[in-house]
Amino acid sequence: MKVGLCNFSGFKIHPGRGILAITRDGRSFRFVDNKSRQMFFRKRNPRVITWTQVYRRVNKKGVNVDVSARKKQRKHVKIERAIVGVSLEAIAKKKASKPAGNKEAAIKELKKDKKSKKDKKDKKDKKD
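Numbering follows the UniProt record's numbering, with no gaps: position 50 of the sequence shown is 50.
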C-alpha cells in the first residue's frame, strides 16, 4: 500500500483517495481534497495557511523536542599512527618529553650564563 503526500497541505493520501491534477505542461499534482487543489492553483502559500502540515513544520507546532531525545554525537577517537620514517615509539617519546621542562632548563642555563658573566666582570673590576 503506497501512501502519497498532498502537494499543498502535506497530508497523507491513501490509495483510492484524493485528486490527481495534471497541468497543461504535463506535471501531475496530488491533492487530499478540493480545498487544497483550489488553494494550490490560486497560488496560496501553504506556509501561511495555518491548517497545513507545512505551516506546522515551519512554525514548530506540536513538536516537543526533549533534550534527552536528541541524537547523541559520537566522540572522535584520535588514533596515533606511524609516519614514514618515524616509528610510533619515537612519536610517543617525543610527546612524553614536556616542553615546559625544556623551557625551565633553558631559563636555568641563561641564569647560569648571566651569573658567570657577572662573576667574570667582578673579577675584572677587582684586578683594576
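Calculated directly from the structure, the hints in this document are not laboratory data. Any given hint might turn out to be false.
No farther apart than 25 Å at their CA atoms in a straight line, the calculated lysine-lysine pairs in the BS3-like style are these [to be verified]:
#: 1; residue 1: LYS12; residue 2: LYS35
#: 2; residue 1: LYS114; residue 2: LYS93
#: 3; residue 1: LYS61; residue 2: LYS75
#: 4; residue 1: LYS117; residue 2: LYS94
#: 5; residue 1: LYS60; residue 2: LYS78
#: 6; residue 1: LYS61; residue 2: LYS12
#: 7; residue 1: LYS61; residue 2: LYS43
#: 8; residue 1: LYS123; residue 2: LYS112
#: 9; residue 1: LYS103; residue 2: LYS115
#: 10; residue 1: LYS93; residue 2: LYS111
#: 11; residue 1: LYS103; residue 2: LYS123
#: 12; residue 1: LYS75; residue 2: LYS60
#: 13; residue 1: LYS95; residue 2: LYS114
#: 14; residue 1: LYS61; residue 2: LYS78
#: 15; residue 1: LYS112; residue 2: LYS126
#: 16; residue 1: LYS43; residue 2: LYS60
#: 17; residue 1: LYS124; residue 2: LYS103
#: 18; residue 1: LYS111; residue 2: LYS121
#: 19; residue 1: LYS103; residue 2: LYS126
#: 20; residue 1: LYS114; residue 2: LYS103
#: 21; residue 1: LYS71; residue 2: LYS60
#: 22; residue 1: LYS95; residue 2: LYS75
#: 23; residue 1: LYS114; residue 2: LYS124
#: 24; residue 1: LYS118; residue 2: LYS108
#: 25; residue 1: LYS72; residue 2: LYS35
#: 26; residue 1: LYS61; residue 2: LYS71
#: 27; residue 1: LYS75; residue 2: LYS35
#: 28; residue 1: LYS108; residue 2: LYS75
#: 29; residue 1: LYS120; residue 2: LYS108
#: 30; residue 1: LYS112; residue 2: LYS93
Label-pair distances were calculated between CB atoms; the ranges are [as the list claims (entries may be wrong)]:
#: 31; residue 1: GLY16; residue 2: VAL77; range: 51 to 57 Å
#: 32; residue 1: LYS123; residue 2: VAL86; range: 36 to 42 Å
#: 33; residue 1: LYS60; residue 2: SER28; range: 19 to 25 Å
#: 34; residue 1: ILE91; residue 2: ASP113; range: 31 to 37 Å
#: 35; residue 1: VAL86; residue 2: LYS124; range: 34 to 40 Å
#: 36; residue 1: LYS120; residue 2: GLU80; range: 44 to 50 Å
#: 37; residue 1: LYS43; residue 2: ARG70; range: 51 to 57 Å
#: 38; residue 1: GLY10; residue 2: ASN64; range: 15 to 21 Å
#: 39; residue 1: LYS72; residue 2: ASP113; range: 17 to 23 Å
#: 40; residue 1: ARG17; residue 2: LYS43; range: 56 to 62 Å
For each residue, glycine too, the CB sits at the ideal point set by N, CA and C.
Taking the hints in turn, this is what the structure says about them:
1. LYS12 with LYS35: This hinted pair holds, its Cα atoms lying about 15 Å apart.
2. LYS114 with LYS93: Cα-Cα ~32 Å, so violated.
3. LYS61 with LYS75: The hint is violated at about 32 Å.
4. LYS117 with LYS94: violated, 34 Å
5. LYS60 with LYS78: With a Cα-Cα distance of about 38 Å, the restraint between LYS60 and LYS78 is violated, given a limit of 25 Å.
6. LYS61 with LYS12: holds, 18 Å
7. LYS61 with LYS43: With Cα atoms ~23 Å apart, LYS61 and LYS43 stay inside 25 Å; holds.
8. LYS123 with LYS112: holds, 16 Å
9. LYS103 with LYS115: holds, 18 Å
10. LYS93 with LYS111: violated, 28 Å
11. LYS103 with LYS123: Violated - the C-alpha atoms of LYS123 and LYS103 are around 30 Å apart, more than 25 Å.
12. LYS75 with LYS60: violated, 29 Å
13. LYS95 with LYS114: violated, 31 Å
14. LYS61 with LYS78: Outside the cut-off at roughly 41 Å; violated.
15. LYS112 with LYS126: Distance ~21 Å between LYS112 and LYS126 Cα, so the pair holds.
16. LYS43 with LYS60: Holds: LYS43 and LYS60 sit about 23 Å apart, inside 25 Å.
17. LYS124 with LYS103: Since the Cα atoms of LYS124 and LYS103 sit roughly 32 Å apart, the hinted pair is violated (cutoff 25 Å).
18. LYS111 with LYS121: holds, 15 Å
19. LYS103 with LYS126: Cα-Cα ~35 Å, so violated.
20. LYS114 with LYS103: The hint holds at about 16 Å.
21. LYS71 with LYS60: OK: LYS71 and LYS60 at ~18 Å, within 25 Å.
22. LYS95 with LYS75: Given that 25 Å is the threshold and the Cα spacing comes to 22 Å, the pair holds.
23. LYS114 with LYS124: holds, 15 Å
24. LYS118 with LYS108: Within the cut-off at roughly 15 Å; holds.
25. LYS72 with LYS35: Violated - the C-alpha atoms of LYS35 and LYS72 are around 41 Å apart, more than 25 Å.
26. LYS61 with LYS71: holds, 20 Å
27. LYS75 with LYS35: violated, 49 Å
28. LYS108 with LYS75: Given pair LYS108, LYS75 is violated - Cα atoms ~41 Å apart, limit 25 Å.
29. LYS120 with LYS108: holds, 18 Å
30. LYS112 with LYS93: With a Cα-Cα distance of about 28 Å, the restraint between LYS112 and LYS93 is violated, given a limit of 25 Å.
31. GLY16 with VAL77: 51 to 57 Å: holds, 53 Å
32. LYS123 with VAL86: 36 to 42 Å: Roughly 48 Å apart at Cβ, these two residues miss the hinted range, so it is violated.
33. LYS60 with SER28: 19 to 25 Å: Violated: the Cβ-Cβ distance is about 31 Å, outside 19 to 25 Å.
34. ILE91 with ASP113: 31 to 37 Å: Distance hint for ILE91, ASP113 holds at roughly 33 Å.
35. VAL86 with LYS124: 34 to 40 Å: The hint (34 to 40 Å, Cβ to Cβ) is violated, given that VAL86 and LYS124 are roughly 49 Å apart.
36. LYS120 with GLU80: 44 to 50 Å: holds, 48 Å
37. LYS43 with ARG70: 51 to 57 Å: violated, 37 Å
38. GLY10 with ASN64: 15 to 21 Å: Since GLY10 and ASN64 have Cβ atoms about 19 Å apart, the given range 15 to 21 Å holds.
39. LYS72 with ASP113: 17 to 23 Å: violated, 56 Å
40. ARG17 with LYS43: 56 to 62 Å: Given a distance of about 24 Å, which is not inside 56 to 62 Å, the answer is violated.
Consistency note: the structure conflicts with the earlier hints numbered 2, 3, 4, 5, 10, 11, 12, 13, 14, 17, 19, 25, 27, 28, 30, 32, 33, 35, 37, 39, 40.
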